[in-house]
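A.B. asks: Protein chains in written order, with the numbering used here: chain V, 1 to 206; chain Z, 1 to 280.
Hint data in this document are derived by calculation from the structure and do not stem from the laboratory.
Careful, some of the hints might be misleading.
As a list, the in silico SDA-like pairs of lysine to any residue whose alpha-carbon atoms are at most 20 Å apart [as the list claims (entries may be wrong)]:
| no. | chain 1 | residue 1 | chain 2 | residue 2 |
| --- | --- | --- | --- | --- |
| 1 | Z | Lys-186 | V | Pro-161 |
| 2 | Z | Lys-50 | Z | Ala-69 |
| 3 | V | Lys-96 | Z | Ala-56 |
| 4 | V | Lys-96 | Z | Thr-184 |
| 5 | V | Lys-36 | Z | Gly-225 |
| 6 | V | Lys-96 | Z | Val-46 |
| 7 | V | Lys-36 | V | Gly-155 |
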Amino acid sequence: MSKNKKLFTTPLLKNNPITVQVLGICSCLAVTAQLKPAVVMALSVTVVVALSNFIISLMRNTIPPRIRIIVQLVVVSALVILVNQVLMAYVYDVSKQLSVYVGLIITNCIVMGRLEAFAMSHKPWESFLDGVGNGLGYGIILVILGFFRELFGSGTIWGYPVMEKLGMYKIGYENNGLVIMAPMALILVGVIIWIQRSKDKELCEK
Amino acid sequence: MKSGGLEMKNFSNKYIFIYAAALVAVVAVILSVVAMGLKDRQQENVRNEKMQTLLAAINVATDRDGAEALYKQYFTSELTVGTNGEVVSEYDIAADNMVKGEVRAFAINLKDEQNKEKSGAKGAFPVYLFQKDGKTGYVIPTQGNGLWGPVYANIALDEDFNTVVGVTFSHDSETPGLGAEITTEKFQAPFIGKQILDESGNVVSIAVKKNADPNGAHEVDAISGGTMTSNGVSAMLGDDLMRYQAFINNMLQGQAVEAVAENAADAPQEEANEKEVSNE
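Take these sequences, add in the hints, and give me the full structure.
C.D. replies: In structure tokens:
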């Protein structure tokens with residue numbers, strides 16, 4: 001039981017997909033200019049990693065190693081399209097928000113990375129937990145980035161004009177345009193990695 | 001792969017081929033069945049959303065479910081026009097009746113028509129007529145390319161075919177926080193009151209550019225960090241509104257003629273009905 005719990009918790013910090021495994025950087029730059037898309041993306045990736053981990057783990061003994069990457073890709077793409085189709089029919093607004101990210105989810109290194117490194121060699125339930133953990137670990141970083149980038153880049157949080165309500169513009173404060181740009185997201189990821197490694201010496205390379 | 005013994009298993013080529021084929025077939029069947037089963041619902045959503053954006057362009061807020069009723073309430077007819085200004089088809093919304101031609105403007109795929117024009121054939125472009133607060137106006141839908149994918153806009157014009165009374169923008173895949181800002185009130189509001197015609201009645205459209213003059217009749221401010229999307233919107237408005245030049249000329253001349261005729265006769269109450277009268 002505690003082993004399963006560990007599967008779930010280590011990817012949140014100690015083995016975080018973005019800051020430690022350094023996967024999924026591309027999408028974390030693309031969707032974190034605002035908090036809301038960051039949260040949508042985080043949830044979508046969590047669902048997709050967990051389910052594809054589960055399915056691939058069920059199939060793992062039948063998959064010929066030589067074509068395993070293609071098999072994984074087919075399963076992931078089918079899953080994403082399937083979810084999007086259902087959303088389009090029943091929760092159209094969510095699907096509209098998600099449609100931008102469908103491509104980004106399918107090609108997200110975290111999904112393929114977890115399938116290769118974990119689901120291909122572990123039981124379905126463990127793989128499912130690993131997927132949820134990694135999805136959430138990815139999500140935490142996305143939400144942190146989205147929060148700071150939206151706050152300092154647009155002066156809002158979840159669309160709510162915080163800076164304006166605080167009267168910051170009146171005393172000469174201006175939004176920082178650089179924060180909205182992708183390079184600043186990368187710098188922020190760097191800062192998070194820096195903070196994390198200075199707290200946790202185990203992560204530092206010798 | 002630490003455990004699992006995957007490397008030890010030997011799969012024959014035959015197995016690999018059959019496995020791959022079976023997997024693809026199963027996935028294809030699942031996806032097609034789901035897509036077919038959900039098609040009606042999805043199309044209804046898309047239809048209602050189209051009505052919703054048309055209503056939004058004339059500043060009528062609604063949710064998707066209520067869109068159809070309000071659409072019938074505010075919009076009077078749908079026209080498709082050719083680039084020579086001729087009316088190709090006309091659909092009376094209240095009577096649910098094709099007055100002329102066969103294709104409803106609502107059912108037209110704008111992209112197809114644009115491609116037809118590009119390849120030298122003749123396209124037909126939609127115009128939606130609406131009545132709001134006792135005034136007639138026109139909504140022109142446009143479609144162009146942003147940075148990552150298509151961008152769309154509905155431009156609502158006053159009865160003079162010149163002043164913008166409302167506008168909505170949407171997109172498929174522009175970057176959130178940058179290009180995607182075209183859907184925000186902040187970007188859209190400055191369009192209201194701008195003009196698409198110059199003094200001599202030529203379509204000059206509205207340019208989206210940096211440091212636009214707020215008092216300029218033909219320009220609005222671009223999105224910082226969303227230059228490519230802003231340029232795309234600018235090009236879209238220019239290209240698509242230009243197609244209506246001949247139609248606008250015809251309509252404005254028609255209005256002038258009608259105004260003269262009305263002055264000669266009398267009956268100011270006929271003014272509101274003139275569209276229906278000319279339909280008959």
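A.B. asks: Are V:Lys-96 and Z:Ala-56 close enough, with their CA atoms no more than 20 Å apart?
C.D. replies: Holds, because 17 Å separates the two Cα atoms, which is no more than 20 Å.
A.B. asks: Keeping to a limit of 20 Å between CA atoms, is the pair of V:Lys-96 and Z:Thr-184 held or broken?
C.D. replies: holds (16 Å)
A.B. asks: Does V:Pro-161 sit within 20 Å of Z:Lys-186, going by the straight-line distance between their CA atoms?
C.D. replies: holds (13 Å)
A.B. asks: Need the status of pair V:Lys-36, V:Gly-155: alpha-carbon distance at most 20 Å?
C.D. replies: Satisfied, since the Cα-Cα distance of roughly 14 Å is no more than 20 Å.
A.B. asks: Starting from V:Lys-36, check that the Cα of Z:Gly-225 is at most 20 Å away, please.
C.D. replies: holds (19 Å)
A.B. asks: For Z:Lys-50 and Z:Ala-69, compute the direct alpha-carbon distance and say whether it is at most 20 Å.
C.D. replies: holds (13 Å)
A.B. asks: For the pair supplied as a hint, V:Lys-96 and Z:Val-46, confirm whether the alpha-carbon distance does not exceed 20 Å.
C.D. replies: At roughly 11 Å apart (the allowed maximum being 20 Å), Z:Val-46 and V:Lys-96 satisfy the hint.
Violated hints for the displayed structure: none, as all numbered hints are satisfied.
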